[in-house]
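Peer 1: Each chain is listed here by its residues.
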Amino acid sequence: MKLGWIKRINVMKVVLYALSYMHHDFSPPIVHPDRSSKNILLDLDNEVHISGLWHCQASKTHPTSIKSNGAIQKEIKEEEAMATLTVPTTVPSVSEDCEQLRKAFSGWGTNEGLIIDILGHRNAEQRNLIRKTYAETYGEDLLKALDKELSNDFERLVLLWALDPAERDALLANEATKRWTSSNQVLMEIACTRSANQLLHARQAYHARYKKSLEEDVAHHTTGDFRKLLLPLVSSYRYEGEEVNMTLAKTEAKLLHEKISDKAYSDDDVIRVLATRSKAQINATLNHYKNEYGNDINKDLKADPKDEFLALLRSTVKCLVYPEKYFEKVLRLAINRRGTDEGALTRVVCTRAEVDLKIIADEYQRRNSVPLTRAIVKDTHGDYEKLLLVLAGHVEN
Amino acid sequence: MRKGCSKFFLEDERQFERWNDSAIKSLKAEFKLFKDVVLLSLMHPWERDARLLKKALKKGPPHYNVIVEIACTRSSDQLLGARKAYHSLFDRSIEEDLASHVKGSERKLLVALVSAYRYEGPKVKEDAAKSEAKALLNAIKNNNGDHKKKAMEEDEVIWILTTRSKPHLKVVYEQYKKISAKTITEDLEVELLLKETVECLCTPQTYFTRVFDTALREDAKEDAKKALTRLVATQEDVDLKGIAAKFEDKIKERVKGAYKDVLLGVLADDRK
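Protein sequences, first through last, are from chains V and A.
Under this note's numbering, the letters of the first sequence match residues 316 to 712, in that order.
Under this note's numbering, the letters of the second sequence match residues 34 to 305, in that order.
If you're looking for bench data, these hints aren't it; they were derived computationally from the structure.
Built from N, CA and C at the ideal position, the CB exists for glycine as well.
Please note: incorrect hints may appear among the correct ones.
To be verified - So, partial list: chain V residues that the calculated Cβ filter (under 7 Å) puts toward chain A:
1) E530
2) Y554
3) R592
So that you can see chain A by itself, here it is in the shape it has in the complex (with noise of 0.2 Å):
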């Protein structure tokens, strides 16, 4: 096998065949994403789930999407039983840590967010969603600029993105591109988290394209990675087999060793 990979080791004067150091950095973090899509895998999604969370929380403000991709992309019941195994591994609510360790503007959104817990069938109410779209409008509206006040401080938003339903929700984005320019998540550029709560509770595969897209650049950073880890490892194959399909000549392209195979599995058929 040494033999094979010539281009990882250097010439050294001693005349031994050295590693070339960012040679052993990178295949140290190609094992290591491998590694974290395999343990997280195996723990349950509840655990799972719990545990990025915590995580995240500890990491602060800038890793706070973790927090809304978890919220929003999961089932009702599975968002519950994140919460629930989060009772069991720290002895708290996840409602309590939050609220009591992120200090920012974020704060109301994302303990509603993770207190949701959704109607999941199909009834919407076409005329509570036109006048919630023009309510987020407003909202997105008044507060863009230098305003105090961030629009997901706002209570109507608020309330509207953590306690309608998805399918409630898709009606009000729909309503929302009838009576605005662009589109919300257009509308929403400046406030990213804000952005990212309606991409994935409204239009997620847009969100996971961006994920993938991001992660498989030529200087895609380790938080990228990571992100992207966590998505294979977490979202069903189905969501993602499409965005997969799309990237598979740069999986092959820029990926290496086990870690491209878990990837490419996505586009498999038969897994699982």
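Isolated chain V (complex conformation) (with noise of 0.2 Å):
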């Protein structure tokens, strides 16, 4: 194929368009490290692709390859239509969003609004710029001085809120290590719900902010068939495409029934699986299952209702093929004070408005016939209440 000036000259046009998409159109921006025609890729049909991303920092909808025909746009737009966070669409200055946070705090008492109107409405890098701002202008941290003005529930969802999400996932994981109940369940959420970007993300974090590294601290504070499940879990960095291999599942699929049926839930092959194979794979697998043997997996891992590591499996299960059912019940359980999640609802708000709480709201209605927002209002009160209806989108009439 003769790459005529024509052509040379089009290519270069698209080239340049995806360049100045990266370097102003993403927040933060993108550099591309290595910007030489090797990375410059033609295909079939003379569309341009940009590849060799792999060094770069990764941000939370971090391709690996951009399209010319904006493909990537669209990506991040379908993310966002499950996010129930809103930013307004001209969002005040960082300095001014700073003055107006230290104003809250100032004086006596603490104008609690201000911080929901402002915290609420800013996506994870308009926080950490927040943050950044405030400590340079004021030399204190911004969770330290709301530390100080703030307490209880409320307190601890702001807290949990304006920090980064990495950094929330690895504060999250450090005290699960630390208690004794329902800490290998958020573990596990975390370990499973998340892409394997953003568990990376929070295995660094935990790096920076804990000086040792997050598997460290399960292997030690985990024991048996917990450990055996929740290390692998979390040490994970699975393969995100969607091909699957269909006499793959078959093979698998036979195999999960047989340790099944013996009983042996905490197998090596079993644990494998779960914790090795990419989402889309174990989804394929788990559905053949299903059409294969009649049950789904979930049902023939509940021999033993008082068995909690047969429990542990199956939220396990859940959070890898239907995530939004998972937090359904957690959050159900919480809202109606069942079970032993504490801060379940405060958790699960924060860690998926910006993720996909609008599917998790939708199955919560689908389920319970009242609307999570409603939930929320007869279950809390206060500016816990306020922040959190903000948080899930709630509009006021």
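The task is to assemble the complex, starting from two chains supplied on their own in separate frames and drawing on the hints.
Peer 2: Right, dumping it as structure tokens:
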């Protein structure tokens, strides 16, 4: 194929557009580490692809290639559609936000409403910038200031929300390694509902914050079958493609069925499939399981309702293939004050508001015939309730 | 050039100078080593490691030491990069391939080693190091001889070696020496893979020295030479310089051509 001058100029135009997009339309901007001709690829339709983005710090919508027809734009819009966080179209400048927050703390008492209005409508990048600027301007960590001024559930919610998602996951995971009750579930929840890169960032944040690895702490603080399951789960870095091998799905469905029938729930192979396979592959395997053997795998894992390991295994499956159902249940139990998962409502709203809380809320309504926001209003009060509703995308009528 | 290489040629009855067959073979081998070193050095380190891992897995148990070498001598971010590259190249994760293809007692250890994302700071926990040295000693003593289970299958051993940071493991190693008559690597003579794991993590110089030594012997096999090639292409020169210096004479004596220059180049001060 001859690359005539017209074609070359068109390729150049697209590359320049893509670079401009990466530099100016991404927050934080992506700098391509290797801008050379070997990273500009043409496919059979003469569409331009830019490759070689391995080295970039991943933002939450990190692409490994950018297509010239703006496909990446579409992916971001889809992700935003599932989140409940609302950010105003014109956001005040960072210094304005910091000034307002400072005002909220000054004098007698605290202007919680102002805190809710600002922080409740800023995304992770914006919140990080606010924290950084606040520290530079006033010489104090915003979180410390919040800690001094606020208390109880509202304080916990604000502090958790203000954190960068990776730091938040690290903090939640660290707390979980120290607690005895339902802590295994939180570890599994973080390991299985985050994307491979999000889990990785959490592990990096853990290094920075606690001067050790999450894996060491999980290994040290869990035992027996729980450790056997949790350690590989938190260490995973799953392939995230959609490709599925149907033959493998058949073989592994059969394997799982055999082990479960033998009640070998913590068998190496069961753990291996759940902890290393991609989510798409696991989904295919479990679909095949149901088609071939009649039952949903979680039904077969209900042999002993009192067995805590089985409960964790069932939750693991849910988190991997239909997380919204898992989160719906966690919220339902939390709101009805059943179960021992303290702070679950705060945790779920904080960690999913920018991800898929809309889908979870839909599931909640479907199952409980009551909108999630209404259930929150019934169950909570004060500023805690206000911020929860803001994060859940509730609009005052 | 032909005139100068008389030892390669034999008198042939039809009166032309014929290549000595074994000489051809050895020349080919030397060039191949040079080619390998060049190709390995040119590839992006992440892709290179991903391909090395895939190849080792394909070739089977005698080559699993390559997996150990890569997983243990790379930094946390380098190993992570290899995992990312593996996704891109093979549409699978290295963990799932290892977990499904390795059948023997090494499986748990190898999967855990490649999944490691170790803390890299200097902070160590002295008390934990003491108890972990004891745990390792117990595991090794209990599994010596003809027991069914090997030390490398013990959960305690695996999580200590695959989650603790390298500085911490060095302290564990020191503590082990205090409570055992021998060093941990001496006690692990029977479990080669586990021994190499500990060496690569705590005393990589010992491992590198052994690779150099084995590769530069008179009767060195192909795999040994390949191991040296791999080391030279993948490790930092500064880590290998001291060792290469000890072997300078042997390199000059036993290695020929461009490959020799590459090996000696490790010694040079101004490389890269």
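Peer 1: Work down the list of hints and note, for each, if the structure agrees.
Peer 2: We went through each hint and held it up to the structure:
1. E530: holds (4 Å)
2. Y554: Interface hint status for Y554(V): holds (4 Å vs cutoff 7 Å).
3. R592: Holds, because the Cβ-Cβ distance from R592(V) to chain A comes to roughly 5 Å (cut-off 7 Å).
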